[in-house]
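A.B. asks: Sequence:
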Amino acid sequence: MINLIKKWFFICLLISFNTSVFATSSSNFLISQLAFKNYDYPATLLNFNADKIKLSQDQLLDKAIAAIITEDINLAKDIANKILEKNKNNQEAYIIKISSLFLDKKFNQIKELRDNLDQPNELLDFIFFTNNRLKDGVTISRSLVEIVASSFSNNEQRRLNYNFLLFYTSLAKLIDPKNERAIIIKAELFDQVGQFEVARDTFEKIGKESPYYLDAQSSLAINYLYNSSYEDAENKILSILQNNNNNYSLKKILGDFYRYNKKYDLALSIYNQMIEENRGDVWNIYYMRGICFEQLGDWDLAEKDFLKSLEIKPDSPNVLNYLAYGWVEREMKLDRSLQMLEEAYEANPESFYIIDSLAWAHFKKNNLSEAARLMEMVIDIAPGEAISLDHLGDIYYAMNRKREAIHFWQQALELAEPEDEIEENVKIKLEKFNG
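Numbering (this note's numbering), first residue to last: 69 to 503.
For the record, the hints were derived by calculation from the structure and aren't laboratory data. For each residue, glycine too, the CB sits at the ideal point set by N, CA and C. Incorrect hints may have been included.
Restraint ranges, calculated between C-beta atoms of paired labels, are given here [as the list claims (entries may be wrong)]:
{"id": "1", "residue 1": "K500", "residue 2": "N346", "range": "47 to 55 Å"}
{"id": "2", "residue 1": "L181", "residue 2": "N329", "range": "53 to 61 Å"}
{"id": "3", "residue 1": "S218", "residue 2": "D403", "range": "40 to 48 Å"}
{"id": "4", "residue 1": "L191", "residue 2": "E345", "range": "41 to 49 Å"}
{"id": "5", "residue 1": "R398", "residue 2": "Y298", "range": "27 to 35 Å"}
{"id": "6", "residue 1": "T138", "residue 2": "K470", "range": "57 to 65 Å"}
Between the sequences and the hints, there should be enough to build the whole structure, so can you do that?
C.D. replies: Shown next, in the form of structure tokens:
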């Protein structure tokens, strides 16, 4: 009986131990998978051991891609070899293996590897070969960057696979560490996937002597503009501006930073300086300055700047929209506003801001059916826009569709942000008409 109890205790202990190990392993795996989806490549590789952990081919490929992006070519090579043991046609694994052989100057092995492929591979040939001859490192690196550049030009933004784009740019940098185009594209990609600190570190690698330096500094400033505290961002942007002789494009970023943070007086001082310089994009500076005047409550000066902007560039849909909507809100020049908004819509039919303004102009002219049709389009495109929901409520109420109006006003109230400045007005309408 005692032996039976001991045996049972041992089994329970073993089960407990195995469950604990499994739970830890499973937890690490899930953390790793989530990290890869969030573009956190160091975390993807945390505690990873290619020889001890059993993963599927797809999971191994994720690890290999992460290793390349973190620029650990040796780890990537080990993982690629494991992939090729079971799937000798895996394209990315071959690219990693050939890249590793190239960096080790084992050029004959690259030729043997290519000759032993079951069938020709156009991508491998494009990256590594020209007329059956192995390219030099600079040319290989450029070919890898070209793949990324063509992906941006041929695909919609939302269809891009950033893991693979970062994979190719990182390989380009590994093959040719002096390929600064690869470095800046890699930084921009990190910025786009929300890895802002990594992006900053990568932008900082572009030196002053580089033709990409000002682009990198501009991108770095924009990164801080949107992703840092006000004080940190202001200090960094001012520092970048000072280190680059008050460069015009960097100065605009400072003005935009102040405008973005509703420091309109500070933004005005920057835009005033830029208008005095009268560069080619001065129409846009007039537009930005006009927005500042409008936000400060000086419509006359805002209107003057918007008109000046359109005098220089008559076909800007954003300026047409902003000025026309301002007139519509003030119930001024409705016919001219409607015409301008139709021009803006024709130039940019995807902008829900412009469609909202056009719908609102029709509402003000009592074209209620057209106003409703257009505003319903806006809600389909941007269902969470509180101002548009409020507008649709007003349109429906004017059409005697009271129940629907109240529904959309309630939605607008739930979704309204402080900067929308509609809460008080919506509450008044609900109290008045929802009795």
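A.B. asks: For each hint, tell me whether it holds in the structure or not.
C.D. replies: Outcome of the hint check:
no. : hint                    : in the structure
1   : K500 - N346: 47 to 55 Å : 51 Å, holds
2   : L181 - N329: 53 to 61 Å : 55 Å, holds
3   : S218 - D403: 40 to 48 Å : 47 Å, holds
4   : L191 - E345: 41 to 49 Å : 47 Å, holds
5   : R398 - Y298: 27 to 35 Å : 32 Å, holds
6   : T138 - K470: 57 to 65 Å : 60 Å, holds
When held up to the earlier numbered hints, the structure conflicts with none and fits them all.
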